[in-house]
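*Asks:* Chains as they are written, first to last, in this note's numbering: chain V, 1 to 123; chain R, 1 to 99; chain S, 1 to 479; chain F, 1 to 336; chain B, 1 to 86.
One thing to keep in mind: the hints can contain errors.
Straight-line Cα separation of at most 25 angstroms, DSS-like style, residue types lysine-lysine; simulated pairs [unchecked claim]:
#1 F:K34 to V:K24
#2 S:K102 to S:K28
#3 R:K41 to R:K98
#4 R:K92 to F:K34
Don't read these hints as lab results, they were simulated from the structure.
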Amino acid sequence: MSSDLFYALTGASLFTLGLYALIKHAHILRKILAINVMGSGVFLLLVALAAGGQQAFDPVPHAMVITGIVVAISATALALALMLRLREASGLAVLPDTSPEELSEQLPEAPSDVASKNNGKNA
Amino acid sequence: MSFTDILTVLLLLAGASFFLAGTVGLLRFPDVYTRLHALTKADNLGLGLMLAGLALQAESWTVVARLLLIWVLILLASSSVAHLVVRTAQQKGIRPWKR
Amino acid sequence: MLAQSFSWQVTVIILPLVAALLCFMLPKWGRWLGLVMAFAITGSVIVLAYQVMNQGALRYAVGGWGAPLGIDLYVDGLSLLMLMVVALVGLVVSVYSMAYFKAGKAVHFWPLWMLLWTAMNALFLSADIFNLYVTLELLGLAAVALVALAGGVDALGAAMRYLLVSLLGSLCYLLGVALLYHSFGTVDIALLAERVESTPAVWAAMALMTVGLLFKTALFPLHFWLPPAHASAPAPVSALLSALVVKASFYILLRLWLEVFSQDSTAAAQLLGVLGAAAVLWGGVQALRQTRLKMLIAYSTVSQIGYLFLVFPLASLMAWQAGLYLLLSHALAKAAMFLAAGNILCFGGHDRIADLDRVAQRLPLSLTAFALAGVSSMGLPFSGGFIGKWMLLDAALQSGQWWWVAVIIVGGLLAAAYIFNVIGHSFTRAEISHEAKPVPAIMEWSALVLALAAVLMGLFASWPLAVMDIGAPFGGGGS
Amino acid sequence: METLTLLSWAFDVTLGLTLMWLAWRALASEDLFKGIVLFIAFGLLMALAWVRLDAPDIALAEAAIGAGLTGALLLGALAKLEAGAESRSRRSEILPRPADKTKVFSGLLVFLLLALVVMLVYAIVKLPPLASGLSAQVAENITASGVSNPVTATLLNFRAYDTLLEMAVLLLAVLGIRSLAVVQEPRGREPGAVLDMLSHLLVPLLILVSGYLLWVGSYAAGGAFQAGAVLAATGVLLLLTGWLPGAWFVGWPLRFLLIFGLAVFVAVTLVLQLFGASFLEFPPSLAGSLILLIEVAAALSIGVTLTALFLGGRPQPEPPSSGRAEKRNTSGTQPS
Amino acid sequence: MDAVYLAVALFLLLTLVAGLWRVLRGPTAADRMLAAQLFGTTAVACVLLLAQLYQRPSLRDVALVFALLAAVAAVAFVRRAWREKS
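Excised from the complex, chain V in its bound form (with noise of 0.2 angstroms):
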């Protein structure tokens, strides 16, 4: 049990986080993050795999990962860009057919709300 494998069993859980939260969670900014968690997973794994034990230093997946990274960033770049034009024209940063009661879950604690309330406790 070396500890690249331990590495690669943590991209691997990384992964299945990820997509977990991205099925579960409603507003669009926690599915981009969710994604990026998972990008980080696949990331993890495949340079991982790679470092195991005495192996010779073998550089590809490490320029695989490297433009993974940079695909990754644009692909959320545009994700946000799109996420608040939707949020602009139809009012909530969530996807069309969001069903209530799963807004209910994501709308009280809105972020300006919490932290008022937090503030008020603190002053």
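For chain V, the structure is supplied; the task is to place chains R, S, F and B on it using the hints.
*Replies:* Chains R, S, F and B in isolation, oriented as in the chain V frame:
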């Protein structure tokens, strides 16, 4: 364990203790301002001592210069961020903690 | 054929990329530049076709490094036909878009469309699974940006959902690539085909890559993102998405199943067949229930994609060729349908099927295009769809799996039902008749040209079938 | 020696578990801002993981892009999200999805995910300890590639085609964003003495470090992407301090800079093809300098592109004098 | 000597994990951002220790980039994403 090694170990441990102090301060202190105060300790002294320790082990002067540059940058960043946070916190009316 | 200095495969990729840069740099001449480049790209695809038909499959080592280290470009009958259908549909859609987009939107449409074309050409030529990941990502992001160009609430919502599904598909695919690379030390398809043996890692990679590509191909349970995206996008974009973009991920799946995952896939093939059958029936029924024309056509895409997956359980040479033939004729027919729908939308300001106000009399060309395209998707004789379905029926009967025959026939009936439903309404007079905007002739003719091409594929079937055999993509994957 | 392996084992386990816990908390946090801060910490730890996995190039890329840019991008998006918070009142009616989203569906979801994890773990554990991937081929061709850092050699020579397409993906993201939104940045509010001093000191140093990373990329960890990301951090810092590109720059000069990297890459390879080289083939003698030329152009272009991604829209020079710009103005910098 | 570097690096990692509690509980957004700032510095120290352990000079560039970019996220927070209503 030559003399410089021992000195390095001592410096590293001292630096680590300041990091610990910074973290404990961050967790224990009651409001933003005091936490900030604790945090900057970790930056300048904690990191400073550690980098001094590592500089002893450095194989060439360029490495020492690089370490120094990193330390100065961290100082610059953390002090200005600390100032910005405090100024904005006051604007937002987060009042310091009173017993 | 080793790397000669100038290769038409490279030109077919670099031309649209350069076109995208130029269209972005010179927005005022974007339209004309785009059109000229569309003709140039189609020309280079024709020259490449000529070259391939003479010299057979071509392998081009990019950078001169060769397979395991560098990336190879590989073109055989299968990828050549895909390139040609992309060029044909792309050219006609470019002509259509000249008149469709107003100045404001046109500035953004042309660079995005050219990058989409680059992604498709690069995808059909690449022989490297990680390179396919990058082209898939380029394809997905370009398609999402084009859908979002329509700007309405539903377009933006559909584009957002499409983007998330596309990214999820790409990440599943990439995870499969990682497992394959670390099992066999290479990402080149030909080398993988030689080295692959069935280990747990290969099963996992096969499952992950298949699911990732099914997300992007919108097969039945994973199709939820397609109808809103294809219906709310601008008409030329819907045509491109339904005809070409959805087929690109199917092409990769086909390539992988033919060469890399060919041994231990009988059970999985049956599953794909069942999902395909479900898609055919579900898409047909949903299309019948739609009230808007573009939604009807989008659900018809879901149904037609189902047909393509009926090929996997049959897995005979005849079946693969039938699947490819269906794919090509569907691309032409679907593009024609969406362009015709775009004309009707421009003309009447809405696309509610019930209120189609004497469209037949007032938009004869567009409705003929729609009808001819309908003929092809129904599979009536003298159309590409007919040839494809006939070969599929033949293959199913030969392999003794008669239940797929039932699915094909019921699917054809459903298609007939929803097509005639639309054509019926277009002859009647709507209660609320409203003033109609004239539709530029070029838009109507481009829809008709594509519909005629779909029918022509029925009449001249021998040529595409001959091209399919170059490089024997289906016969044991010999190169 | 035994204590070292024990300590490194403990380091890895702590890092791995913290990564998983951070990811879970970041995605499950009820407050978006807390989620983003946890995600920034996640990026930091990922960079540590790359250092531990002996991948300095990726650690650099993760540090520059993950910790710096993604954090700023997410915080900027959150700001614009809440700037429109008041507009949440006119919420359009949401079509309720059929009520199958009950417990049975999430139960099925958890079951499927467990099956996925088991499949993945089984596949990974059963992976044969592969010889060493492509390291042999890279080692023997490294001399002909013109650079001695194997990762840069792979990125810019062996698999240069991937890098070309990847820069097209970056350009595509900018095109998509420019078609989505128009940004009428009002004259940024005064940055205040300290921020001004910080940017005056940091910006030249960032540009210097970016140049250094570009140069060092040929023999050690570094390269065009890392240098471009550091350049982008400069751009982001300038934007945050309220600096805005002049009206002259926003037109074709900005567009030219956005495509500059890709244009130089394509131009170099087309010129080489005139001299008989195949596509993306760099003759060994010239390879080093050509790769550097491409890297300089790419770094510049990536820096401007990533900054444009942070800006989040097509910069409009000045809002038209005749009253407010049309309603769809998405400038988000409400004075806090 | 190497064991000392790794031990101190492990210790720093543990302080970082402890600091995460402040991010979770921190009432105001400023507390969370401060904790992130501390994590940046801790990460710099960790990377430098590992650089010395592995005798790999390029890791020092990673620390340098960390130091440079530590400010960017924090400034983005202060200038844009701070929405406390007093």
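*Asks:* Hints broken by the structure, by number, lowest first?
*Replies:* When the structure is compared with the hints, none of them turns out to be violated.
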